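Sequence lines, in order, name chains A and B. Read in the numbering used here, the first sequence has 92 at position 92, and its numbers run on one by one without any break. Read in the numbering used here, the second sequence has 1048 at position 48, and its numbers run on one by one without any break.
Keep in mind the hints are simulated off the structure, nothing from the lab. In this text the structure is predicted, and so the values were computed from the model without any measurement. You may find that some hints are simply not true.
Cut-off 30 Å, straight-line C-alpha distance, at most; resulting in silico cross-link-like pairs (BS3-like, lysine-lysine) [to be verified]:
no., chain 1, residue 1, chain 2, residue 2
1, A, Lys126, A, Lys104
2, A, Lys42, A, Lys126
3, A, Lys104, B, Lys1026
4, A, Lys2, A, Lys42
5, A, Lys229, A, Lys104
6, B, Lys1026, A, Lys42
Calculated from the model, a selection of chain B residues having no Cβ within reach of chain A, i.e. all distances over 12 Å [claimed, not checked]:
no., residue
7, Ile1013
8, Leu1035
9, Thr1050
Here a beta-carbon is modelled for each residue, glycine too, at the ideal position from N, C-alpha and C.
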Amino acid sequence: MKCKVCREPAVIDIRRHNANFCGDHFLKLVRDQTQKAIDEFKMFAPGERILVAVSGGKDSLALWDILLELGYEANGLYIGLGIGGYSDRSGDQVRAFAAERGLKLEQIELRDQYGYDVPTAAAVTKRVPCSACGLSKRHLFDKAALQGGYDAVATGHNLDDEAAVLFGNTLRWQTEYLARQHPVLPARPGFPRKVKPLVRLGEREMAAYCVLRGIDYIVEECPMAVGNKHIGYKEALNAIEATSPGAKQAFYFGFLARAVERFADAAPAYAEAGDTAACTRCGVPTTSEICAFCRLLERTAGAEPVHLTIKGKRVDA
Amino acid sequence: MQVNLRNPNRTIIFEGPMSIVALLQKLDLNRESVLVIRGGTLVPGDALLTADDVVEIRPVISGGVA
Ligand code: SF4
Ligand SMILES: [Zn+2]
Ligand SMILES: [Zn+2]
């Protein structure tokens, strides 16, 4: 196996590009593909300030590293979700990454700053943990980005993530979700711009990038993700990819190029500035008096902390 | 050779030299879903593993949706 660019021994094959790469040229490919996505979808321009949502996993740490390598000004924000040992270890990973490189990392601990954690919020609301978790992350990333004067929030969603979400939305023809599945969500009153610069890169490439760059990330999964539908969709798509390299890329980018517009009618009508009221507690635009995050705060206030369990078994050690 | 698997962590010992393709087939793993790592770096897909190699097979699929 030889590098497509320099003919030196290759370390990785990328079947959808029908090419092999040595370490250096693979790293270059990853940076070039990220830059291409940033330009193609007009995510941000040099001089703009980016807030990277970092979880301690491969995608977000790699994204932070790549943006800095490309010369962008990017700081990190980590949210401690309180999911037992998993959160402890992922937080350590992020802090070590930032400290080793002298980077600016902002941190929020849900339990210390907001008086709840994801397992307790799930128990109180009697919904799956991912629902309170996603709500908390969205609200706090938005707020941090606006308060910190950032131009955009960047997340580590990669091609596999986006293809799997598209697959799930298509299976059920969730037209409202299909209409807004895009690598960039423009800013609107009260909400920052959101971008996904890794959409041109597969999950295996992001893990390989971390190995080759010596980025130590948390390989274990959030205990709540194990065996979920999203992972099942990814496995199904990888089974197709194995016999038909490039299928995931064609599926997702074909959707963006030729299909997403057809769902425009189903897009949620975002209220114009002035139409929505501000949350009476925190000020974010909302259609009710109190926003979903502040309602969550109200419901979790004073609740006894619980541990995450699946079928009665503790899973957050 | 010693093969270390993750999530959950476990170790399997295989006899003799083996190609990456054969190893992944034996473990019933899709090449799109894993990386093979030896001594902190990637092992290319056409490499032959020897009897005294120690390799990690690292899953690359992660499940966070939000
Ligand atoms: S999988 Fe874990 S980290 Fe991801 S949204 Fe669900 S609870 Fe949160
Ligand atoms: Zn090369
Ligand atoms: Zn509010």
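- Message: Under the constraints set out in the numbered hints, which ones does this structure not fulfil?
- Response: Checked against the structure, the hints that fail are numbers 1, 2, 3, 4, 5, 6, 8, while the rest are satisfied.
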